[in-house]
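Peer 1: Chains as they are written, first to last, in our numbering: chain Y, 2 to 566; chain D, 92 to 544.
Simulated from the structure, these hints should not be mistaken for lab results. Glycine residues also receive a C-beta, built at the ideal position from the N, C-alpha and C atoms. A few of these clues could be false.
Unchecked claim - With a cut-off of at most 30 Å between alpha-carbon atoms, the simulated DSBU-like pairs for lysine-lysine come out as follows: (1) 209(Y) / 287(Y); (2) 495(D) / 350(Y); (3) 356(Y) / 495(D); (4) 192(D) / 209(Y); (5) 495(D) / 427(D); (6) 368(D) / 350(Y); (7) 362(D) / 372(D); (8) 502(Y) / 427(D).
Stated by the list, open to error - Label-pair distances were calculated between CB atoms; the ranges are: (9) 497(Y) / 242(D): 22 to 32 Å; (10) 464(D) / 460(Y): 30 to 40 Å; (11) 565(Y) / 442(D): 26 to 36 Å; (12) 542(Y) / 419(D): 28 to 38 Å; (13) 494(Y) / 464(D): 30 to 40 Å; (14) 566(Y) / 464(D): 12 to 22 Å; (15) 487(D) / 305(Y): 29 to 39 Å.
Each chain, letter by letter, is given below.
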Amino acid sequence: MRVFSISGALRAFLFRPTPPMPSRRDFLKAGGVSLGALAVAPELLRAAPGSPLLAAPGAFRPLPPLYTDPATRELMLEALDAAKRAGASWADVRISRNRNNSVNTREQQVTNVVESDTMGCGVRVLVDGCWGFAATQELTSAGVGMAAQEAAAIAKANRVARDRRIELAPAPAHPDATWRSAYTIDPFTVSLEDKVGLLLAANAEAQKVANIRFVNSGLSFVKEERNYANTDGSVITQDYVRSWVTMSCTAVANGEVAVRGPEVVQPAGRGWEYVLEADITANAPKWAGEAAEKLTAKSVDVGRYDLILHPSQLFLTIHESLGHPTELDRVMGYEANYAGTSFMAPPEKVLGSLKLGPPMMNLIGNRSEVGALATIGYDDDGVMPDDFHIIKDGILNDFQTTREQAPLLNWWYEKNGQQPRSHGCSYAQSWADVQFQRMPNVSLQPGEEDLSWDDLIAATDRGIAMIGRSSYSIDQQRYNAQFGAQLCYEVRNGKIVGQLKDVAYQMRTPDFWNSLDMLGGKSSYEFGGTFNDGKGQPSQANAVSHGCPPVRIKNINVINTGRSL
Amino acid sequence: MHARLNNAMAANGVLGEADAQSVVERAVRLSKADAVNISVQSGRETNLRFADNQLSTAGATTNTTIRVESVFGQRRASVVTNDRTDEGLRRAVEQSEVIAKLAPEDPEYLGPLGAQTYTPIPAWFDSTAELSADARAQAALTALTKARAANDLTVAGYIVCNASASALGNNAGLFAYHRSTNANYTLTARTNDGTGSGWAAAEDNDWTQIDFEAVARDAIDKARRSANPVAIEPGRYTVIFEPEATANLVSVMRGALQARSADEGRSAFSKPGGGTKVGEKILDERVTISSNPRDPLVLAAPFDGDGLPVQEETWIRNGVLEQLSYSRYWAQRQGKPVTTGGNSLRMEGGSESVASMIANTERGIVVTRLWYLRAVDNRTLVYTGLTRDGTFLVENGKIARSIKNFRFNDSPLFMLNNLEAVGPAVRTAGGGSLVMPAIKVRDFNFTSLSDAV
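Take the sequences, apply the hints, and build the full model.
Peer 2: Written as structure tokens, this is what we have:
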């Protein structure tokens with residue numbers, strides 16, 4: 002990358018010794034006395050002295066050791082005790098600090114710099130088979146105790162409308178567990194100049210390309226310091242970082258507008274090192290050139306084509322058409338009022354029999370792939386997730402589950418000689434939200450032969466090769482979908498002959514995947530993902546990745562989306 | 092100071108005006124920046140979900156966040172915290188100052204907004220803010236009891252109440268405070284054979300105005316009537332959109348009402364060759380679209396996120412694009428007045444009922460609501476999406492049968508040029524502070540069938 006030059010005055014400021022800011026812990030200690038309550042502040046949650054404010058450009062600290070701070074542990078155990086005193090048969094508690102940093106630019110100006118840092122406590126209880134949840138920002142024993150009491154009171158109030166008791170699948174306790182995501186440079190220790198410098202340098206490169214009128218770019222980082230405890234005896238601390246760099250190049254000429262981006266680099270469960278590897282300054286002219294070339298792209302002729310889908314486009318089709326309908330809460334109707342249900346229902350009629358693709362098709366749910374967004378050590382039920390085949394040799398094999406849902410599939414696991422268990426898919430977007438079933442990484446396995454993107458194109462007589470996520474829409478049971486792409490190339494006789502525009506494919510999920518006839522190999526396997534998968538009421542965001550190779554799908558209906566006013 | 096913080100938290104956890112003002116004033120006093128803008132958002136949300144004829148999750152979340160934007164010259168940055176203590180506030184102010192000094196100059200920054208005058212809007216109802224968990228459970232029982240007794244139905248629903256306060260202030264004399272409540276109920280009933288689904292909903296600032304019995308009756312009636320749908324050919328149809336479906340499509344025009352993207356040549360309201368379509372007739376003359384924070388059906392906030400007073404603004408009058416929305420910066424640059432419409436949007440209603448629209452239709456389709464709308468082309472506002480939870484064929488003035496859902500590819504700019512009839516405007520419940528009528532349009536473009544129920 003290009004190094005951002007800093008002025009002498011700025012440098013003097015940056016290297017000026019600055020007194021460390023008082024930590025949150027110090028305050029809560031002092032404040033607790035007047036509150037007349039235990040006042041411990043979570044050590045891990047305190048404002049770290051190595052905050053971004055003091056970081057010099059290019060200077061990165063090694064990551065600190067990870068452990069559950071005794072004060073945080075004590076506060077969590079107090080919350081669990083309060084829940085039990087209030088009548089809970091089971092309870093869990095999360096105390097977390099959520100940090101967000103975003104920097105946005107357009108052309109040669111910065112439009113927005115925001116640093117967000119919130120923390121709090123969420124307590125979930127089971128009383129007499131009913132759920133209750135309450136969240137508070139008061140991190141004192143009085144505060145978390147009141148949240149536990151309110152959660153129990155809500156659960157008791159709901160008893161009048163209970164039908165069946167909630168029962169949880171057993172899970173081993175993890176009394177002293179820690180986990181950290183695969184990052185080496187904490188983005189929250191990177192200076193603002195490094196971030197701004199990178200974006201503006203990349204924008205400048207894109208702006209040099211003919212007909213590029215607008216360039217927007219941005220960085221978005223999340224750091225979650227997650228502490229969890231439950232009445233099974235688990236106490237878990239996790240440190241999770243994710244990063245996303247976006248860039249969109251807009252070309253304008255002769256009344257035409259063409260955009261490439263903003264998702265030109267996939268988000269990842271990694272740190273600043275991932276942003277550097279993406280090398281947006283070197284790639285910006287390519288992305289800008291693709292937007293400019295799109296100005297003269299040919300409008301697609303409607304009809305049936307063989308589609309060659311790049312992982313940057315395909316991941317979203319996997320997410321929508323295979324990821325969502327295999328969420329067991331949707332299958333059972335728990336999302337009927339919002340996100341929808343699933344065409345893969347009821348489980349006893351589809352597990353082991355529904356043919357979703359050819360025998361070469363294998364789809365694995367996991368929270369273990371290094372650098373993927375849903376990767377985590379322990380889920381928000383306190384479960385260590387496992388890897389599981391959702392589709393095995395083309396046949397539906399399993400669903401995504403939590404501890405509340407796994408018992409619904411006991412019959413299936415017993416039939417297959419498997420130990421019934423949750424797959425570890427419980428997640429809440431923050432301490433302020435209740436956890437529920439969310440998508441793990443759902444990844445399409447590469448083919449046995451190591452075919453590349455180019456091999457798939459070379460094998461195709463009449464097709465369209467599609468790169469990058471664009472417009473996407475799917476029905477509430479995940480049958481009928483329509484997807485566009487950022488870049489569409491016409492393929493004739495094994496060669497790309499030019500860009501197309503106004504392209505979208507319409508599909509019916511089982512028909513589409515059963516038309517899969519070529520899979521890329523291991524070396525073509527890539528991740529695509531998003532920070533913002535929405536589900537639930539109130540709606541929560543989940544970050545998830547999908548690994549996949551490029552694929553070829555035969556004979557798919559392509560429509561032309563171009564209209565004029 | 093700690094005692095004051097405790098007093099600041101009312102029983103419902105939402106900051107009152109004096110306490111919000113004290114947070115703003117403390118932050119202003121701590122600031123060493125040329126300008127400092129403070130935003131305090133305080134809220135309590137209570138909710139209850141049910142599905143598969145039983146309760147699922149229920150909760151209460153209380154939180155207050157403070158956003159501090161510090162400005163030195165043209166350099167600025169924001170820090171958000173939920174630590175309301177003196178120390179937390181001091182740290183947020185200092186952090187935002189450190190980051191702001193490092194930020195490049197923002198040529199679009201215009202300086203802090205001075206004191207403004209707002210007319211208060213009474214959007215707060217204790218009935219919503221102080222609602223008990225027992226009352227929510229009893230409300231859920233209205234639908235649960237019916238479905239459990241019926242044997243042919245499964246219901247899923249969501250009850251959510253929000254009580255919130257928003258305060259803005261700075262060191263140039265601005266102070267704004269507004270508090271509001273909102274109660275929202277959505278319900279989906281499905282037939283147990285998996286072939287029928289019906290949705291109904293209600294929303295109001297005042298919990299006591301939500302008619303839980305009526306919502307349950309409507310959703311259940313629609314679920315039963317929509318069972319066993321038949322497939323009919325996709326194509327262009329006369330369509331009667333119920334108010335929720337109208338809202339789904341008309342609200343996508345909001346983004347295009349920004350003057351800047353139109354002036355920059357990248358919106359549906361840009362004129363080919365330069366300029367905008369302001370002053371041109373773009374829609375049927377019965378279409379008037381406006382924003383009004385004092386709309387009696389949606390009591391919204393009297394100021395926007397920058398602290399600018401929100402006035403009633405008409406964007407499209409009798410089919411003519413009357414004006415676009417100008418931010419402070421863009422207004423100054425273009426020599427125009429600032430126009431901020433706030434969050435609400437209303438399409439003026441007419442007098443024809445849905446029943447009458449059906450009676451006057453030889454062949455057409457009734458749509459309850461739309462789902463998963465995504466832009467296909469921002470230049471034309473062509474969106475794709477699907478019908479959901481109650482789609483019916485009309486033949487010879489009567490609902491003839493339930494039909495399978497469709498995917499559409501169409502634009503509100505085409506739809507509102509093909510207008511046949513307009514019903515009374517009502518508050519919709521899908522979110523977004525929208526007041527919309529049922530409408531009947533011709534030649535709406537359904538492009539494929541969906542098997543989804």
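Peer 1: State for each hint whether it applies.
Peer 2: Okay, the hints, checked on the actual structure:
Distance hint between residue 209(Y) and residue 287(Y) is fulfilled; the C-alpha atoms sit about 11 Å from each other, no more than 30 Å. For a cut-off of 30 Å, the pair hint linking residue 495(D) to residue 350(Y) stands: about 22 Å separates their Cα positions. Between residue 356(Y) and residue 495(D) the CA atoms are separated by roughly 23 Å; this keeps the pair inside 30 Å, and the hint holds. Only pairs whose Cα atoms come within 30 Å are accepted, and residue 192(D) paired with residue 209(Y) is accepted, the gap being roughly 29 Å.
Restraint check for residue 495(D) and residue 427(D): the C-alpha separation of about 49 Å exceeds 30 Å, so the hint is violated. For the hint linking residue 368(D) to residue 350(Y), the alpha-carbon distance of about 56 Å lies beyond 30 Å, and the restraint is violated. At most 30 Å may separate the alpha-carbon atoms for a hinted pair to count; residue 362(D) and residue 372(D) meet this at roughly 13 Å. Between residue 502(Y) and residue 427(D) the alpha-carbon distance is near 36 Å, which puts this suggested pair outside the 30 Å criterion.
In this structure, residue 497(Y) and residue 242(D) break the distance hint of 22 to 32 Å, their C-beta atoms being roughly 59 Å apart. Taken as a hint, the range 30 to 40 Å holds for the pair residue 464(D) and residue 460(Y), whose Cβ atoms sit roughly 36 Å apart. Range check, residue 565(Y) to residue 442(D): Cβ separation about 34 Å, and the 26 to 36 Å hint holds. Between residue 542(Y) and residue 419(D) the CB atoms are about 30 Å apart, so this pair conforms to the stated range of 28 to 38 Å.
Hint check: residue 494(Y) to residue 464(D), Cβ distance near 38 Å, so the stated range 30 to 40 Å holds. Under the hint 12 to 22 Å, the C-beta atoms of residue 566(Y) and residue 464(D), about 19 Å apart, fit the expected range. Checked against the hint of 29 to 39 Å, the pair residue 487(D) and residue 305(Y) passes, with Cβ atoms roughly 37 Å apart.
When each numbered hint is compared with the structure, violations occur for hints 5, 6, 8 and 9.
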